[in-house]
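Q: Sequence:
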Amino acid sequence: MYEGYAGLIFDMDGTILDTEPTHRQAWNEVLGRYGMRFDEQAMVALNGSPTWRIAQAIIELNQAELDPHRLAQEKTQAVKAMLLDSVRPLPLIEVVKAWHGRRPMSVGTGSESAVAEALLAHLGLRHYFSAVVAADHVVNHKPAPDTFLLCAERMGVAPEKCVVFEDADFGLQAAKRAGMDAVDVRLL
Numbered sequence: 001m002y003e004g005y006a007g008l009i010f011d012m013d014g015t016i017l018d019t020e021p022t023h024r025q026a027w028n029e030v031l032g033r034y035g036m037r038f039d040e041q042a043m044v045a046l047n048g049s050p051t052w053r054i055a056q057a058i059i060e061l062n063q064a065e066l067d068p069h070r071l072a073q074e075k076t077q078a079v080k081a082m083l084l085d086s087v088r089p090l091p092l093i094e095v096v097k098a099w100h101g102r103r104p105m106s107v108g109t110g111s112e113s114a115v116a117e118a119l120l121a122h123l124g125l126r127h128y129f130s131a132v133v134a135a136d137h138v139v140n141h142k143p144a145p146d147t148f149l150l151c152a153e154r155m156g157v158a159p160e161k162c163v164v165f166e167d168a169d170f171g172l173q174a175a176k177r178a179g180m181d182a183v184d185v186r187l188l
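Going left to right, the sequence shown walks through residues 1 to 188 as this note's numbering numbers them.
No lab work stands behind these hints, which were simulated from the structure alone.
Misleading hints may appear alongside valid ones.
As the list claims (entries may be wrong) - Below, in silico cross-link-like pairs of lysine-lysine (DSS-like), each with a Cα-Cα straight-line distance of 27 Å or less:
{"hint": "1", "residue 1": "K97", "residue 2": "K161"}
{"hint": "2", "residue 1": "K161", "residue 2": "K176"}
{"hint": "3", "residue 1": "K97", "residue 2": "K176"}
{"hint": "4", "residue 1": "K80", "residue 2": "K97"}
Stated by the list, open to error - If you anchor each label on the Cβ, the simulated ranges turn out as follows:
{"hint": "5", "residue 1": "L66", "residue 2": "E3", "range": "42 to 50 Å"}
{"hint": "6", "residue 1": "G32", "residue 2": "A6", "range": "41 to 49 Å"}
{"hint": "7", "residue 1": "G4", "residue 2": "S130", "range": "13 to 21 Å"}
{"hint": "8", "residue 1": "Y2", "residue 2": "V44", "range": "26 to 34 Å"}
{"hint": "9", "residue 1": "A98", "residue 2": "Y34", "range": "40 to 48 Å"}
{"hint": "10", "residue 1": "N62", "residue 2": "E153", "range": "33 to 41 Å"}
{"hint": "11", "residue 1": "Q63", "residue 2": "L123", "range": "37 to 45 Å"}
Just so we're clear, the structure is a prediction, and the values are computed from it rather than from any experiment.
Glycine is no exception: its CB is placed at the ideal position from the N, C-alpha and C atoms.
Make a model of the complete structure from these sequences and hints.
A: Now the structure itself:
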């Protein structure tokens, strides 16, 4: 089905790993420390964004005086501990396994590299991917194309010969801006 592509790129959260409920739980825990809240719909709209950008939106929503990078760091620490206990692969991981060794594959995620690498290693999935590009590897995050362009570069594949698997609107926009085809996994 993907024979026409020279490289496959996978978003991580909500695409190959079922992390979204745990991310929400971590946000609730961290925000509770400050008496803040978040809007579920606003969070869904920010899927694929780096943690600090989500923190910035939450701070603005709550009209709080906090450093978004500090809040993001607290959330990253909370979610890392929670995820190692609860994360499970999603069915799309079967595509990864089926194409392993046939095409180079990478992960392009809005998560921090420490979290992404820890989760993939913990689940025994890291060896499937020649590269993991995370939020701290690029300056411009999804919906900018930088994450996926760096994935293509690290795989040694021209961007137009890549296909991206994504579950978030920002990620689908990033793939299009990178000149790549995209599969909206929400429709599978």
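Q: Now tell me, hint by hint, if it's right for this structure.
A: Right, here's what the structure says about each hint:
1. K97 with K161: This hinted pair holds, its Cα atoms lying about 20 Å apart.
2. K161 with K176: With a Cα-Cα distance of about 12 Å, the restraint between K161 and K176 holds, given a limit of 27 Å.
3. K97 with K176: Roughly 25 Å between the alpha carbons, so the hint for K97 and K176 holds.
4. K80 with K97: This hinted pair holds, its Cα atoms lying about 24 Å apart.
5. L66 with E3: 42 to 50 Å: holds (49 Å)
6. G32 with A6: 41 to 49 Å: holds (46 Å)
7. G4 with S130: 13 to 21 Å: holds (19 Å)
8. Y2 with V44: 26 to 34 Å: Given range 26 to 34 Å: holds, Cβ gap about 27 Å.
9. A98 with Y34: 40 to 48 Å: Taking Cβ atoms as reference, A98 and Y34 lie about 44 Å apart, which means the hint holds.
10. N62 with E153: 33 to 41 Å: holds (38 Å)
11. Q63 with L123: 37 to 45 Å: Holds, since Q63 and L123 (Cβ atoms, about 39 Å apart) stay within the stated range.
Going down the numbered hints, you'll see the structure goes against none, and every one checks out.
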